[in-house]
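One line per chain: the protein sequences are A and B, in this order.
Read in the numbering used here, the first sequence has 23 at position 23, and its numbers run on one by one without any break.
Read in the numbering used here, the second sequence has 32 at position 32, and its numbers run on one by one without any break.
Derived by calculation from the structure, the hints in this document are not laboratory data.
Take the hints with a grain of salt, since some may be wrong.
Stated by the list, open to error - So the derived list for chain A, only partly shown, Cβ under 10 Å to chain B, looks like this:
#1 G152
#2 A159
#3 R162
#4 T264
#5 A265
#6 P288
#7 L298
#8 G319
Yeah, the Cβ is synthetic: ideal placement off N, Cα and C, and Gly gets one too.
So the chains spell out like this:
2 protein chains.
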Amino acid sequence: MSRFLSPLLGKCETPPPIWLMRQAGRYLPEYRELRKTAGSFLNLCYSPEMAAEVTLQPIRRYGFDASILFSDILVVPDALGQEVRFVEGEGPRLDPITEAAGLKKLDRSATTEKFGRVCETVARLKQDLPKGTALIGFCGAPWTVATYMVGGRGSPDQAAARLFAYKDPVGFQRLMDILVSVSIDYLSQQVQAGADALQIFDSWAGSLPESEFDRWVIAPTAKIRQALAKQHPDIPVIGFPRGAGMTTLKFVQQTGVDGVSCDTAMPLAFMSDQLSAAGVAVQGNLDPLLLVSGGKALDHAVDAILDAMRGKRFIFNLGHGIVPQTPPEHVARLVERVRQNGV
Amino acid sequence: MSRFLSPLLGKCETPPPIWLMRQAGRYLPEYRELRKTAGSFLNLCYSPEMAAEVTLQPIRRYGFDASILFSDILVVPDALGQEVRFVEGEGPRLDPITEAAGLKKLDRSATTEKFGRVCETVARLKQDLPKGTALIGFCGAPWTVATYMVGGRGSPDQAAARLFAYKDPVGFQRLMDILVSVSIDYLSQQVQAGADALQIFDSWAGSLPESEFDRWVIAPTAKIRQALAKQHPDIPVIGFPRGAGMTTLKFVQQTGVDGVSCDTAMPLAFMSDQLSAAGVAVQGNLDPLLLVSGGKALDHAVDAILDAMRGKRFIFNLGHGIVPQTPPEHVARLVERVRQNGV
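Only chain A is shown next, with the shape it has when bound in the complex:
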């Protein structure tokens, strides 16, 4: 069994396992090389041979304890028929669904083919990964996926989705129900294809008032977790309610996740005390910009995290994804330091 899985299943690993969000990506020259001939970004996600190759690139370089399927959280709306286009340098664009009437555009039966291609990538990876390297499947959390579906793009405050939810909570609940149900199917298919663990990314969980957080973050994630527990009782699930701050504790207690990923702003004392005491593995939370700057600031921050989490069920990771301007040698330095000092 991969060392990555131990903390999720109840055991402290020394040194802690390490992987990094967006460990496959633009900071790697071999990724940029492949990307040139891969067509659109989503075409890369839907091409099992290429997607498996870019997933493997950082494993070859750094020997991370886990790999994560190379894909995107917007595969779900795209597969449902709300076509997603990636505009170079600007991010994703969708024809927004701003009211309940727009939900009829979504076609669940259409997902089979695109989910199938993603799962073919998972199956290839299952064969090609080194034995000790776990394979993480993932999806976006319903709330975060909905912010793109309603807003038509990324936004600093997710205003469009929040407004939809305030104006028509029943209609917005219908959208969330669709996303919960499709996400369960999608994650379950990834497990059937070979995923060893799952992560649910709620990148925009932090913008909601607590009552809305309960309704649109905790409740949908709890439903997904429960359904997966029935179908795949041995597969651990990590939640990542980015920006949730102190509400992360309630998230952990009420969703039933096995692990929680913490963003950069999460205080180490809270991770080490309250979150660990809640009986989950804690993952995080180095600032990705320290991987850009490198040097002593990086070393000190890494050691502070290792010191705070020593003896806990802990997985070393970033607080957010690697940024493109990261020098690959800084990642090597990080991995080496975690393995040396994390004992």
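Using the hints, position chain B against chain A.
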């Protein structure tokens, strides 16, 4: 004395005083009318007659307990000689200062004229405001102002400033020291011109790891607070470390602010219990999007806030600024409800 000041000076007011961040602005037709002939946005900020007029507009309509000087947090870099341009629909643009060498462009002696114009607005308002309406002066916190000075624009993650601080903490400290010192002068001048209270807006406090939060949010704010306490011991100061979550408690304890403004995501129980117990007035935190949607969702959220904060030193406000598409009649409905049900 204005009812607004009581909670800041130690007394619970019933019903709680109310004002709203960006209460003067684009949602008001009379503002849009004046804006047409005001030239650039900063020209409006620097024109005492017009700036005073738009400050007064929402007071006439709604009788808020406090008015806030109409200005912008980027007046400080602009006055220092780092020219700020507002691009329609895109926000502010500055020639970024990405390393310490760029700091020599900043000229403290240049601030006199522009700060003088802002203070003339304050002096006019002091004369023109109704007797019971307090006048709030403000500035951006050094960290948040620095994110624009270094990034040259707004950004979702403030990466440029965070990277500067990691790569060259000594140089970044010099920038912060300049901003602390200039902010003290600027706020002090606003008080001399007639401001009854001050607010320090740290809109981007939420993106920092805790150690950086201590250094770039808490320490500079504490320095500003201490200097103002010496010069103007009777003038209360409100801090707004947006996105700081649980770290807000430490911010309150270590900066010495008299009041803390809470964003939309701050749990009401934390405001009512921990923050109130820290001996400060608490301000907040209705979601501005509820002022767009209106209706029962608005009413229920207003009542939940009033119920949670009853008997506490509390000032009703939003969790963030009013958005332009807010129907003015929803603001009237809010004010009426707070005054009726906040007893």
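Problem set entry | Hint check, failures only | Going through the list in order, the structure violates hint 1 alone and respects the others.
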